[in-house]
Amino acid sequence: MSFPWAEQYTPKNPVMVWIDDKLPLPRLAYNAVGAGYPVPRNLNYFWNFGVLAGLALMIQIVTGVIMAMHYGANDLVAFSTVEQTMRDVNAGWLMRYAHANGASFFFIVVYLHIFRGLYFGSYKAPREMVWLLGLVIFLLMMATAFMGYVLPWGQMSYWGAKVITGLFGAIPVVGEPIQTWLLGGFAPGNASLNRFFSLHFLLPFVIAGVIILHIWALHIPGSSNPTGVEVKGPQDTVPFHPYYTAKDGFGAGVFLIAFCALLFFAPNFLGHPDNYIEANPLSTPAHIVPEWYFWPFYAILRAFTVDFFFVPAKLLGVLAMFASILLLFFLPWLDTSPVRSGKYRPTFNKFFWILVIDVLILGWLGGAPAEEPFVMMSQVAAAYYFAHFLIILPLISRSEKPLPLPGSITEAVLAKYGKTDGATVAVPAE
Amino acid sequence: MVRIGAFLVGLFFAGWLFISFLIGAVAYVSEPPVPTVEKAFHELPKHVAYSFDGPLGHYDKQQLQRGFQVFKEVCSACHSLKFVAFRDLEALGYNEAEVKAIAKQWAIKTPSVDPATGEASTREPVPSDYFPKPFANNVAAAAANNNAIPPDLSLMTKARHHGSAYVYSLLTGYQAQPAELLKEFPDAKTPEGLHYNPYFANLNLAMAPPLTAEGQVTYGDGTKPTVDQMAQDVSAFLTWTAEPKLENRHRAGLATLIFLLIATGLAYMSYQNIWADKKKAA
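Taken in sequence, the protein lines are chains A and B.
For the first sequence, the UniProt record's numbering begins at 1 and goes up steadily by one.
For the second sequence, the UniProt record's numbering begins at 1 and goes up steadily by one.
Simulated from the structure, these hints should not be mistaken for lab results.
There is no bait here: all hints are sound.
Taking lysine-lysine and the BS3-like style, the derived pairs with C-alpha atoms no more than 25 Å apart in a straight line are:
no., chain 1, residue 1, chain 2, residue 2
1, B, 39, B, 189
2, A, 162, B, 158
3, B, 279, A, 343
4, B, 46, B, 61
5, A, 232, A, 343
6, B, 46, B, 158
7, A, 162, A, 314
8, B, 224, B, 46
9, B, 279, A, 232
10, B, 61, B, 82
11, B, 278, A, 343
12, B, 133, B, 100
13, B, 279, A, 416
14, B, 224, B, 72
15, B, 100, B, 245
16, A, 343, A, 401
17, A, 232, B, 278
18, B, 278, A, 416
19, B, 82, B, 133
20, B, 158, B, 82
21, B, 100, B, 82
Chain A on its own, in the form it takes in the complex (with noise of 0.2 Å):
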């Protein structure tokens, strides 16, 4: 699953020849993470994202698994129990601070990366199972920060779980008892605190296991690159380590830097104030908003105001908000477009900016009271959502000229440093 000039493990040690005979993992790390694992040389900064991900969910993990020591899942001490890791655990303030906004860093590097493969085009073939694997980690993702929020049992979490239960609510006949089996009761109390407390912990390692997946799926094409073109030869790659292990180190760096910022100097910055109200079911908070990493989807949610025949509204929004992420699911088949990389492609390169700032607004409003005008705003931002991936997108991938692709790797990246006499023939890929 490499390329044939791939540096092969040859331990040295006898401990690790005894290992490798035995049980060869030193040997699957070198070829997945080190030097046998051979990568395009022009990766820019956009492709650090990947290991940040995994970064973000160590922290998660880690600090999830100490906060857990101190946690009680239940609706009467839930809330305390979190306090009072919070003042009189040691540290307890930092894992619980690390933990909260982790999971927002963890969804700023994940949209990144997200960002990056849909801007380059790390969806099309060959690669559709790294995307459609990556698209499975995102949703269980959402879910576990879904249940996670619920934990302290503040007022957010509380109508939070109440709204997002409410959703399956929406659907016809079977909608209301689907809701109460979720909740395991009719609305969020103890059952439910116990069962996203248990899913909670356990989901973070389904996650890991499907990066395990989406690395294994990736190394068998081996990573793309921003001009799209794939590898011809030894010229056009470096190996992983130490190239990438060392830019990814100082990518590591610039992470932690920002993490830590927010973390030691605002950490309630991204927090909503309600969720430091204990929950009580008998006092319905002014606006209840998710965390910001659901506000697009939120938004798109609640654009929906008017029935369509028998369709209630609020059916559509929740069709229209779990199709918004599924859609993704078929990019690779709506893009037919045979270039990779949106530097070369002219038309879709408008759109896709234009996407991006419609996301960003959706974000906006999704965090806005639903009130007028934001939810006329949101009308249109939602329906520019579903047009561009699903309308606009098939049709330029048709209809566009692309601009000239370098003929190779090396090329583009010799072009950038000042050599462009087309000395560099591509040696093909045996």
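Starting from the known structure of chain A, fit chain B onto it as the hints suggest.
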């Protein structure tokens, strides 16, 4: 097939959203939303400068002690502070004996059980006790307070936007209802038993102005106890109750960032070093 299906789904969602937009826009133009009294008269908290502002901010222990005194003599009559224990007061600069004395002399006693009969009784609090609640339960709290339950104050400054400034503004923001408000919204007269305060979300608050006159408390450190001073001090105290580890956090954050800046600088140099031969013209 996929693309035809996608086209139809896209056309449906985008089209119906556009129709919904048109319906909404017509309604918006024909019947513009009516302004509400809350939107028109609610005010954002005033700006207050605290010693704990900013990335290097720290608590002023004198101020926290004064704020604690205001809490003790004014707020604690109605409000609980259930996540704070007497032992925590050592962070304010009191020594062990002082904390013990504060607990012992606290006006509200800790619920207990009579060791002889097993019947419910009370005892003097000790430093390991959390601040006892002024009311036995929410029913008692509501009954004693014109049907409004005084909220617990432990986390108040984190449970409101601009928390510390909000508490300060609320305490100093009581005023007579403006005449122009009643002119614009004749139905919005503050109901009997409530108090007008533009910093409160719905403008009318059940709590009567708690800080009314200069000298309501007598500060031991000689600070002049104006209403403004007392409000600043108690809002600082409540910032501490909500975020007792703020100073640890700022200190740890500074050390972490310095470490990370150096480590990242080194990582950048090793990255440049390793790539040196790959980043120049061949």
